[in-house]
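These protein sequences, in sequence, are chains A and B. Just so we're aligned: 235 in the numbering used here is position 235 of the first sequence, and the numbers increase by one with no gaps anywhere. Just so we're aligned: 301 in the numbering used here is position 301 of the second sequence, and the numbers increase by one with no gaps anywhere.
There may be inaccurate statements among the hints.
Each pair may be met inside one copy or between any two copies, as identical chains are not told apart.
Computed cross-link-like contacts, DMTMM-like style, restricted to lysine to aspartate or glutamate with a CA-CA straight-line distance of at most 25 Å [to be verified]:
#1 Lys189 / Asp274
#2 Lys320 / Asp70
#3 Lys263 / Glu39
#4 Lys187 / Asp12
#5 Lys54 / Glu186
#6 Lys244 / Glu175
#7 Lys271 / Glu257
#8 Lys189 / Asp70
#9 Lys314 / Asp12
#10 Lys271 / Glu319
#11 Lys271 / Glu251
#12 Lys187 / Asp150
#13 Lys263 / Asp136
#14 Lys189 / Glu299
#15 Lys27 / Glu16
#16 Lys187 / Asp70
These are computed hints drawn from the structure, not numbers from a lab.
There are 2 protein chains.
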Amino acid sequence: MEKIVIDIYGADNGAEPVLSGVAKALKCGVDFFPVLVGEESVIDSVMQENGIAKDAYNVINTDKYITNNDPPTAVFGGNDDASMVKAYSYLKENNDCTAMLSPGNTGALLIGSICRLGLVAGLKFPALASALPTLDNKLVCLVDCGANTDCTANDLVRFAKMGNAFSSSYCGIKEPKISLLSVGREKGKGNTLVKEAYELLEQSELNFIGNVEGSDLLIGYADVIVSDGFSGNIILKNAEAIGKAAMQIIERLGASENPELTKRMTNALFKAFDFNSQGGATFLGPKKTVVKMHGSANEDTVVACIEQIIRLNKGNFAEKIANCLN
Amino acid sequence: MEKIVIDIYGADNGAEPVLSGVAKALKCGVDFFPVLVGEESVIDSVMQENGIAKDAYNVINTDKYITNNDPPTAVFGGNDDASMVKAYSYLKENNDCTAMLSPGNTGALLIGSICRLGLVAGLKFPALASALPTLDNKLVCLVDCGANTDCTANDLVRFAKMGNAFSSSYCGIKEPKISLLSVGREKGKGNTLVKEAYELLEQSELNFIGNVEGSDLLIGYADVIVSDGFSGNIILKNAEAIGKAAMQIIERLGASENPELTKRMTNALFKAFDFNSQGGATFLGPKKTVVKMHGSANEDTVVACIEQIIRLNKGNFAEKIANCLN
């Protein structure tokens, strides 16, 4: 059974929902062995409350952690006792531990993946990939979602190659359709960065299908949408916010008149546009699988993130990432 | 009464909806005098069908026009008979004509505003502004929506100043709250371009309130959101597409079960997220008011665009734009 190391600190509502989520995953029969990094007494207490036996998990005891207000550089020296750092160290040193999950400070997790774990050859900084549900019930991988705000065309090519590895391992697609986020589908549309990357991607061995535009995010036209982290972050947050706003409009109009139908509608909108509830952001570049779950994570998000890690591992994600930039 | 010159060609469904829209505006008592550029017999026929007397409008007769497949440079030499070019010439040469409306080729309209009409001093290329309805029933101006895909920090400052002029004249706001689109609200978040523009805007006389992020587009936090045209185009198209997708989900779930409630819901979503139906993109930079209406424009869009022009003129938009870059 594969070990997943889980940093329990950094979520908006504290460690409890994270631990309850781990317990729920175990009770649902998800096939993994958690190594929980946090205060042992708290961990044991929540796991016991949830009916999880002491031998179903390991603990790395610490009550120190990096907060969301700390600078990303907090993962450097002086914080060796912080849960995130201990989790990275455990992941690095243990061959039977394949992945790490954390709701912590994204910047610190990114820097930590470089200085505490290590990136695959050919990469200076990891990228963030999100798997978004499309309207035709597939998944589209958006990369980069915000780790790299200033990019070169070669960065975008690397994102494309890593997105290709993600899509093939996570979604089981043989030749993922790779696209570039731009202002129009036609070749020649876009800023200088996109135009340069377009030329490079045309020459690559990837199944490059050209540009997509802002309206194409969730239609399933492409399997991978490549973007600099600035635009990727903006479109991701926008899509979630518009989805949420639509839910509020529907709720306001229908909740008292037809609560049952309205509930089904808002549930459908939630499923379509609340990406955080359906898993976490996958780091592209670290030598082992790292998934960042959203700070607002609840029990179900944690279960979804653990299932995401197992699915990635089954698809040989780490191996594919290690080889895709050669 | 002010004259508005209207290029009737370039819309997806031909000239007829554009002309019907003009007729509708006249019948609704909107206070303007249309100068219609297009084939006289067609114009007269549609206006007559709609009960508009021949003395309620002027015609500049031509059956030539620039299509959406033509390159933007089609407005240069050799196309002096094209409706768009004739409209620009009329606008330039007639003091009592204050504005132009066209559903035509956006690129050609942009280039045409430079070479056929002229920009205010201090500007090399116009920007596109959209007034979007916020969830708290205000309007937010997004600039640039796609005219300038590669920008410098000084470009963003010019967009901010012109957005300020737009917001104060169109929305009547005394000191519009100006913001920069970025990946987080905190100072220091963003790409190099945004960080540089942030410093410049802090030193400006504008009411600069800092960054907004992708989730802030429609919440009414800022009156003006400044962006390079690449990210601005992407977020605008994304917001519309997500809104449309939400409408389809609601329609599918509720249309047969509770058609009346479902109709009210989809109408509300349309009102919130179908920006094209509520007016056009305003050009920031030309010496006179130019509004581009969407190719999919229907009658009501045309009426909304004409009302938009009148509202801009009442707010001394052209004068404010002429002076804002000094």
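Right, here's what the structure says about each hint:
| no. | hint | result |
| --- | --- | --- |
| 1 | Lys189 / Asp274 | between (30 Å within a copy, 24 Å between copies) |
| 2 | Lys320 / Asp70 | neither (33 Å within a copy, 44 Å between copies) |
| 3 | Lys263 / Glu39 | neither (39 Å within a copy, 53 Å between copies) |
| 4 | Lys187 / Asp12 | between (43 Å within a copy, 22 Å between copies) |
| 5 | Lys54 / Glu186 | neither (58 Å within a copy, 43 Å between copies) |
| 6 | Lys244 / Glu175 | neither (33 Å within a copy, 30 Å between copies) |
| 7 | Lys271 / Glu257 | both (23 Å within a copy, 21 Å between copies) |
| 8 | Lys189 / Asp70 | between (40 Å within a copy, 15 Å between copies) |
| 9 | Lys314 / Asp12 | neither (30 Å within a copy, 48 Å between copies) |
| 10 | Lys271 / Glu319 | neither (31 Å within a copy, 48 Å between copies) |
| 11 | Lys271 / Glu251 | both (15 Å within a copy, 16 Å between copies) |
| 12 | Lys187 / Asp150 | both (22 Å within a copy, 16 Å between copies) |
| 13 | Lys263 / Asp136 | both (22 Å within a copy, 23 Å between copies) |
| 14 | Lys189 / Glu299 | neither (43 Å within a copy, 30 Å between copies) |
| 15 | Lys27 / Glu16 | within (16 Å within a copy, 64 Å between copies) |
| 16 | Lys187 / Asp70 | between (43 Å within a copy, 15 Å between copies) |
Hint compliance for this structure: hints 2, 3, 5, 6, 9, 10 and 14 are broken, all remaining hints hold.
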